[in-house]
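For the protein sequence lines, the chains are A and B, in the order given. The numbering of the first sequence is full-length UniProt numbering, which starts it at 1 and goes up by one. The numbering of the second sequence is full-length UniProt numbering, which starts it at 1 and goes up by one.
In short, the hints are calculated from the structure, not lab data. One should not assume that every hint holds.
To be verified - One side of the interface only, derived from the structure: several residues of chain B facing chain A at Cβ under 7 Å:
hint : residue
1    : Val33
2    : Asn40
3    : Leu61
4    : Gly73
5    : Cys75
6    : Arg76
7    : Leu79
8    : Thr81
9    : Met173
10   : Glu175
11   : His287
12   : His300
13   : Thr365
14   : Tyr391
As the list claims (entries may be wrong) - Pairs of lysine to any residue residues, derived as SDA-like cross-links and limited to a Cα-Cα distance of at most 25 Å, are as follows:
hint : chain 1 : residue 1 : chain 2 : residue 2
15   : A       : Lys403    : B       : Lys351
16   : B       : Lys285    : A       : Ser177
17   : B       : Lys351    : B       : Tyr388
18   : B       : Lys118    : A       : Ser177
As the list claims (entries may be wrong) - Quick list of the computed label-pair ranges, beta carbon to beta carbon:
hint : chain 1 : residue 1 : chain 2 : residue 2 : range
19   : B       : Arg366    : A       : Pro339    : 56 to 64 Å
20   : B       : Arg188    : A       : Gly283    : 19 to 27 Å
21   : B       : Arg233    : A       : Thr81     : 33 to 41 Å
22   : B       : Asp206    : A       : Arg125    : 19 to 27 Å
23   : B       : His31     : A       : Gly235    : 42 to 50 Å
24   : B       : Lys343    : A       : Asp367    : 51 to 59 Å
25   : B       : Leu224    : A       : Glu129    : 35 to 43 Å
All values reported here derive from a predicted model rather than from experimental measurement. Cβ coordinates follow ideal geometry from the N, Cα and C atoms, glycine included.
Chain by chain, the residues:
2 protein chains.
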Amino acid sequence: MPGKLLYAQSGGVTAVINTSAAAVIATARAHGVRAYAARNGILGVLREDLIDTGKESAAALRDLAHTPGGAFGSCRYKLKTPEADPAAYARLIEVMAAHDVRYFLYNGGNDSADTALKISAYAKRSGHELICVGVPKTVDNDLAVTDTSPGFGSVAKYTALSVLEASIDVASMAESSTKVFILEVMGRHAGWIAAAAGLAGQGPDDAPHLILFPEIAFDEAAFLARVKATVERVGWCTVVASEGLKNAAGQFLAEAGGRDAFGHAQLGGVAPVLAQRVREKLGYKYHWALPDYLQRSARHIASATDAAQAAAVGRAAVEYALAGHNGVIPVIVRGSDAPYRWKIAPAPLAKVANHEKKLPRGYITRDGYGITAQARKYLAPLIHGEAYPPYDTTGLPRYVKLKNAAVPRKLAAWAQP
Amino acid sequence: MPGKLLYAQSGGVTAVINTSAAAVIATARAHGVRAYAARNGILGVLREDLIDTGKESAAALRDLAHTPGGAFGSCRYKLKTPEADPAAYARLIEVMAAHDVRYFLYNGGNDSADTALKISAYAKRSGHELICVGVPKTVDNDLAVTDTSPGFGSVAKYTALSVLEASIDVASMAESSTKVFILEVMGRHAGWIAAAAGLAGQGPDDAPHLILFPEIAFDEAAFLARVKATVERVGWCTVVASEGLKNAAGQFLAEAGGRDAFGHAQLGGVAPVLAQRVREKLGYKYHWALPDYLQRSARHIASATDAAQAAAVGRAAVEYALAGHNGVIPVIVRGSDAPYRWKIAPAPLAKVANHEKKLPRGYITRDGYGITAQARKYLAPLIHGEAYPPYDTTGLPRYVKLKNAAVPRKLAAWAQP
Numbered sequence: 001m002p003g004k005l006l007y008a009q010s011g012g013v014t015a016v017i018n019t020s021a022a023a024v025i026a027t028a029r030a031h032g033v034r035a036y037a038a039r040n041g042i043l044g045v046l047r048e049d050l051i052d053t054g055k056e057s058a059a060a061l062r063d064l065a066h067t068p069g070g071a072f073g074s075c076r077y078k079l080k081t082p083e084a085d086p087a088a089y090a091r092l093i094e095v096m097a098a099h100d101v102r103y104f105l106y107n108g109g110n111d112s113a114d115t116a117l118k119i120s121a122y123a124k125r126s127g128h129e130l131i132c133v134g135v136p137k138t139v140d141n142d143l144a145v146t147d148t149s150p151g152f153g154s155v156a157k158y159t160a161l162s163v164l165e166a167s168i169d170v171a172s173m174a175e176s177s178t179k180v181f182i183l184e185v186m187g188r189h190a191g192w193i194a195a196a197a198g199l200a201g202q203g204p205d206d207a208p209h210l211i212l213f214p215e216i217a218f219d220e221a222a223f224l225a226r227v228k229a230t231v232e233r234v235g236w237c238t239v240v241a242s243e244g245l246k247n248a249a250g251q252f253l254a255e256a257g258g259r260d261a262f263g264h265a266q267l268g269g270v271a272p273v274l275a276q277r278v279r280e281k282l283g284y285k286y287h288w289a290l291p292d293y294l295q296r297s298a299r300h301i302a303s304a305t306d307a308a309q310a311a312a313v314g315r316a317a318v319e320y321a322l323a324g325h326n327g328v329i330p331v332i333v334r335g336s337d338a339p340y341r342w343k344i345a346p347a348p349l350a351k352v353a354n355h356e357k358k359l360p361r362g363y364i365t366r367d368g369y370g371i372t373a374q375a376r377k378y379l380a381p382l383i384h385g386e387a388y389p390p391y392d393t394t395g396l397p398r399y400v401k402l403k404n405a406a407v408p409r410k411l412a413a414w415a416q417p
Numbered sequence: 001m002p003g004k005l006l007y008a009q010s011g012g013v014t015a016v017i018n019t020s021a022a023a024v025i026a027t028a029r030a031h032g033v034r035a036y037a038a039r040n041g042i043l044g045v046l047r048e049d050l051i052d053t054g055k056e057s058a059a060a061l062r063d064l065a066h067t068p069g070g071a072f073g074s075c076r077y078k079l080k081t082p083e084a085d086p087a088a089y090a091r092l093i094e095v096m097a098a099h100d101v102r103y104f105l106y107n108g109g110n111d112s113a114d115t116a117l118k119i120s121a122y123a124k125r126s127g128h129e130l131i132c133v134g135v136p137k138t139v140d141n142d143l144a145v146t147d148t149s150p151g152f153g154s155v156a157k158y159t160a161l162s163v164l165e166a167s168i169d170v171a172s173m174a175e176s177s178t179k180v181f182i183l184e185v186m187g188r189h190a191g192w193i194a195a196a197a198g199l200a201g202q203g204p205d206d207a208p209h210l211i212l213f214p215e216i217a218f219d220e221a222a223f224l225a226r227v228k229a230t231v232e233r234v235g236w237c238t239v240v241a242s243e244g245l246k247n248a249a250g251q252f253l254a255e256a257g258g259r260d261a262f263g264h265a266q267l268g269g270v271a272p273v274l275a276q277r278v279r280e281k282l283g284y285k286y287h288w289a290l291p292d293y294l295q296r297s298a299r300h301i302a303s304a305t306d307a308a309q310a311a312a313v314g315r316a317a318v319e320y321a322l323a324g325h326n327g328v329i330p331v332i333v334r335g336s337d338a339p340y341r342w343k344i345a346p347a348p349l350a351k352v353a354n355h356e357k358k359l360p361r362g363y364i365t366r367d368g369y370g371i372t373a374q375a376r377k378y379l380a381p382l383i384h385g386e387a388y389p390p391y392d393t394t395g396l397p398r399y400v401k402l403k404n405a406a407v408p409r410k411l412a413a414w415a416q417p
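The following block holds chain A by itself, in its conformation from the complex:
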């Protein structure tokens, strides 16, 4: 089957999604297949806003592999079902047919796997021969089937490292200044990133002393008692809080903090809310940090394991596509924990689409504030190794900005957004 390969990025980006992109493009090139990319994910397909990756130099593609963010633009755009929005699906197929796209690779999370699956089914009905393959990605680590999701290992490493470094700082200051440090991490629905913070310490009095998971309802009195006991025993206390922390009534703590002078819900996440409670009730001097996008774009300290897996799924996705495997996604299969052995295997998109891998309760200690040995066994290999980008003489990494040359349009403009 001749034709082109179309690659698109979707959802929140990661430190290594471009590592997958670079592998996709390099593998397609090696097979003599032209690779297009859609600008801003599925929106670019709908808009016939395509990029010819053939215009990028080999050097640019090498740099792409260590550049964070989504080089072709990502999107937050949820396709409806073909029944609810047949025009969108018809348009996707029209665009792909116009450009002789025969392989569609969608790099994203649960939603994207679902989208790829729907497009595959729709294409079959429409008579346009199209192979749809997923490429897994998400810092949330909530993809089913796969051992881990590319992107997670790097944010896990960044988070454990940040807890370690900031805690050493707090320990230095605690005698006459800051006694409580709160780090807010991503994870609205699942505490995978919060759990990874637990890798920073080994002993019972190592930081982080308390992890607040979205899976465990926040109990203010118990939390404050723990903080107090930790400060009295250790001299200081590091808390890691998931942005998705909820109280017993199921409300997000970040939204339960009251309203400001203008009557708006208080902004600023869960860390300042917790910090305020600590000050009011315990009187300790505190600091808090909210790295936000810094945690998922920290390519400068990406996990080498994560980067290797991101590249491997990109390569495999192309190979599956060219071999005619439709409706699949390469997943990571763990062979052993220590040493960590893994391989790539295909899984049906249907098994990944719309499933959510939850943090097992057995990964959280019985008291709800830490991680178990089982969690460590799972998490530890994912942050192994440092995939440093090259730096240039400015003292900053050599991150590439692609040309992103547009493919000439062949169709009328898309009528919808």
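With chain A's structure known, arrange chain B on it following the hints.
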């Protein structure tokens, strides 16, 4: 002159203050001088809470050089003048005399230089032969005389890198999601760290698009107009805001944001306040980050230039002390910008104590939102090179926790705090 060397750390710690500490101890060892450290800065001297660094292995000292934080504990404690608190000074000299301390090295900022100077003068009057030498340190870069302050180059590198990485992320998301990203950086009184963020971009439309300096009164209307124009032109906008940003009335913006439901001043720094204005007035989706201690403890991406200077001032301080130079501090003298050439020279502590190096107005562009070529020339070499720590098999850096063995006390307990 026989006797021991006493080293202490003061004020906010940095990514490389232990690099200076390791150099101090190694240099003292090389000269056959016993080195003590005070636990928690000057408090440790007052309390006769001293540490025998001779109990640390050579391997531990090598690891100390790449460990962030203050390994012996720092303090926020301002000594009064000898006139106001003669008992404290008498106690300091009593402790040093009891342990035959003949060299006192104080590693800190303006205040610490002043303290070292006062102790030197008091010792002279008291008849205890003591040589006092400063070791410069501060992420604020506000020390006079020296070209830069060890600690600043690393936070500058972290900040420029974070702006670069997060902005690549925002650029990926902007089409259908986040359009404004705000990074809050340290700098309550001077915009040195904010200025360093400017190194992330070169061209006029590169991030950061707007830097908000504490030196420039915040003009909300002008700020919002700039954000809007940037989003319309570039597609997204990165803002860097100093924690010390003030309005025209001289109030900190972080404290002017209103009161919460409990009547407390709103916590959370300046970034959420700015984000709220952006949402209210412009309707853009935003993200914001506040790295706090992460920025000054990020030893994992320390500037190699900064680390080299931190080691050099540590070595020089010991050499000056042993050569009998009292009341001096090693400073960095810039020979040329590109290539950056520097050397260490002694400066009188009196010239550093209580002076503050301000960010020159000529480093800020006329519009108040960016940095000039002059600023770049000064800042660029300071972030050059990556002083990576070694990592162990856990995927985390090999940061050391010293034994910090106490020196047996010889005196009665100190009566004061």
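Taking the hints in turn, this is what the structure says about them:
1. Val33: Because about 25 Å separates Val33/B from the closest Cβ in chain A, which is outside the 7 Å limit, the hint is violated.
2. Asn40: It holds, given that the least Cβ distance between Asn40/B and chain A is near 4 Å, below 7 Å.
3. Leu61: Where the cut-off is 7 Å and the nearest Cβ of chain A is about 16 Å from Leu61/B, the hint is violated.
4. Gly73: It holds, given that the least Cβ distance between Gly73/B and chain A is near 6 Å, below 7 Å.
5. Cys75: holds (4 Å)
6. Arg76: holds (5 Å)
7. Leu79: Status violated, d = 13 Å.
8. Thr81: With Cβ-Cβ at 20 Å, over 7 Å, it is violated.
9. Met173: Check passed: Cβ of Met173/B comes within 6 Å of chain A, closer than 7 Å.
10. Glu175: For Glu175/B, the interface hint holds, since the closest Cβ of chain A sits about 4 Å away, which is under 7 Å.
11. His287: holds (5 Å)
12. His300: Given a least distance of 6 Å, the restraint on His300/B holds.
13. Thr365: Violated, because the Cβ-Cβ distance from Thr365/B to chain A comes to roughly 19 Å (cut-off 7 Å).
14. Tyr391: Holds: closest Cβ of chain A sits about 6 Å from Tyr391/B, inside 7 Å.
15. Lys403/A - Lys351/B: violated (52 Å)
16. Lys285/B - Ser177/A: violated (36 Å)
17. Lys351/B - Tyr388/B: violated (34 Å)
18. Lys118/B - Ser177/A: Distance of about 23 Å is within 25 Å: holds.
19. Arg366/B - Pro339/A: 56 to 64 Å: Between Arg366/B and Pro339/A, where Cβ atoms are some 59 Å apart, the hint holds.
20. Arg188/B - Gly283/A: 19 to 27 Å: holds (22 Å)
21. Arg233/B - Thr81/A: 33 to 41 Å: holds (37 Å)
22. Asp206/B - Arg125/A: 19 to 27 Å: Violated, since Asp206/B and Arg125/A (Cβ atoms, about 46 Å apart) do not stay within the stated range.
23. His31/B - Gly235/A: 42 to 50 Å: 34 Å Cβ-Cβ, so the 42 to 50 Å window is violated.
24. Lys343/B - Asp367/A: 51 to 59 Å: Given about 55 Å between the Cβ atoms, the range holds.
25. Leu224/B - Glu129/A: 35 to 43 Å: violated (51 Å)
Checked against the numbered hints given earlier, the structure breaks hints 1, 3, 7, 8, 13, 15, 16, 17, 22, 23 and 25 and satisfies all the rest.
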